[in-house]
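Participant: Quick mapping for you: the protein sequence lines, in order, are chains D and X. As numbered in my numbering, residues 1 to 109 make up the first sequence, in order. As numbered in my numbering, residues 1 to 113 make up the second sequence, in order.
A hint or two may mislead.
Stated by the list, open to error - The calculated BS3-like cross-link candidates involving lysine-lysine, where the alpha carbons are at most 27 Å apart (straight line), are:
{"#": "1", "chain 1": "D", "residue 1": "Lys42", "chain 2": "X", "residue 2": "Lys101"}
{"#": "2", "chain 1": "D", "residue 1": "Lys42", "chain 2": "D", "residue 2": "Lys59"}
{"#": "3", "chain 1": "D", "residue 1": "Lys69", "chain 2": "D", "residue 2": "Lys57"}
{"#": "4", "chain 1": "X", "residue 1": "Lys101", "chain 2": "D", "residue 2": "Lys68"}
{"#": "5", "chain 1": "D", "residue 1": "Lys57", "chain 2": "X", "residue 2": "Lys101"}
{"#": "6", "chain 1": "D", "residue 1": "Lys68", "chain 2": "D", "residue 2": "Lys57"}
{"#": "7", "chain 1": "X", "residue 1": "Lys14", "chain 2": "D", "residue 2": "Lys42"}
{"#": "8", "chain 1": "D", "residue 1": "Lys69", "chain 2": "X", "residue 2": "Lys101"}
{"#": "9", "chain 1": "X", "residue 1": "Lys9", "chain 2": "D", "residue 2": "Lys42"}
{"#": "10", "chain 1": "D", "residue 1": "Lys79", "chain 2": "X", "residue 2": "Lys101"}
{"#": "11", "chain 1": "D", "residue 1": "Lys79", "chain 2": "D", "residue 2": "Lys42"}
{"#": "12", "chain 1": "X", "residue 1": "Lys9", "chain 2": "D", "residue 2": "Lys96"}
{"#": "13", "chain 1": "D", "residue 1": "Lys96", "chain 2": "D", "residue 2": "Lys42"}
None of these hints come from the bench; they were simulated from the model. Note that the coordinates shown come from a computational prediction; the quantities given were computed from them, not determined experimentally.
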Amino acid sequence: EDQVTQSPEALRLQEGESSSLNCSYTVSGLRGLFWYRQDPGKGPEFLFTLYSAGEEKEKERLKATLTKKESFLHITAPKPEDSATYLCAVLKGAQKLVFGQGTRLTINP
Amino acid sequence: NAGVTQTPKFQVLKTGQSMTLQCAQDMNHEYMSWYRQDPGMGLRLIHYSVGAGITDQGEVPNGYNVSRSTTEDFPLRLLSAAPSQTSVYFCASSYSGQAGKQYFGPGTRLTVT
Chain D
1 EDQVTQSPEA LRLQEGESSS LNCSYTVSGL RGLFWYRQDP GKGPEFLFTL YSAGEEKEKE
61 RLKATLTKKE SFLHITAPKP EDSATYLCAV LKGAQKLVFG QGTRLTINP
Chain X
1 NAGVTQTPKF QVLKTGQSMT LQCAQDMNHE YMSWYRQDPG MGLRLIHYSV GAGITDQGEV
61 PNGYNVSRST TEDFPLRLLS AAPSQTSVYF CASSYSGQAG KQYFGPGTRL TVT
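Based on the provided sequences and hints, a complete structural model is requested.
Facilitator: Structure (structure tokens):
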């Protein structure tokens, strides 16, 4: 069964303290792994798509990487505005997105 | 562009009542979907559509109906509301073949008492 597990559930960092979020997945025939950001009271916002092991994508202080079993979202020198819930998801077939539970990230000034 | 819009933002229903959650997009996206988000369970797909007149079930379709008569609109109907349907509902859309990169609406918070 296709499954996505994120860890940790919650993470508190000081401003400038770098860290990584983990997304483990089991899916037959990966068609893409996707990262989203969700602010409180809002809908998720797309960040990255990764298709194959070894691929990396970057946006400002965020870098997403992919292996055959997991993806990492690295956050370098985070700022308070990076506080949000980060969701990862995989495609099941071509049309169904399966999400993990999310990691709630808090950056303290 | 307004993107994906949802109405209402908040709704309280009594058990057994029916209602329709509205969703519209102005990006000419073929793909549209509905999710529910519950604490600790992430987003779960309820129904999706790949174009006008075509719908299919997601992970948790029971108790919900959808139809897609136009490209722009994708309403979600609760036939007989139950407390287990208390949740936040999100509508999303994307271009055909890009179901991984979806644009989400602001959500509807539904409480069933």
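Participant: Work down the list of hints and note, for each, if the structure agrees.
Facilitator: Hints, verified against the model:
1. D:Lys42 x X:Lys101: holds (17 Å)
2. D:Lys42 x D:Lys59: holds (21 Å)
3. D:Lys69 x D:Lys57: holds (17 Å)
4. X:Lys101 x D:Lys68: It holds: about 21 Å lies between the C-alpha atoms, which stays within 27 Å.
5. D:Lys57 x X:Lys101: holds (15 Å)
6. D:Lys68 x D:Lys57: Satisfied, since the Cα-Cα distance of roughly 16 Å is no more than 27 Å.
7. X:Lys14 x D:Lys42: This hinted pair holds, its Cα atoms lying about 25 Å apart.
8. D:Lys69 x X:Lys101: holds (21 Å)
9. X:Lys9 x D:Lys42: Between Lys9 (chain X) and Lys42 (chain D) the Cα gap is close to 11 Å, so the pair holds against 27 Å.
10. D:Lys79 x X:Lys101: holds (25 Å)
11. D:Lys79 x D:Lys42: holds (20 Å)
12. X:Lys9 x D:Lys96: Judged against 27 Å, a Cα distance of about 25 Å means the pair holds.
13. D:Lys96 x D:Lys42: Satisfied, since the Cα-Cα distance of roughly 21 Å is no more than 27 Å.
Violated hints: none; the structure is consistent with every hint.
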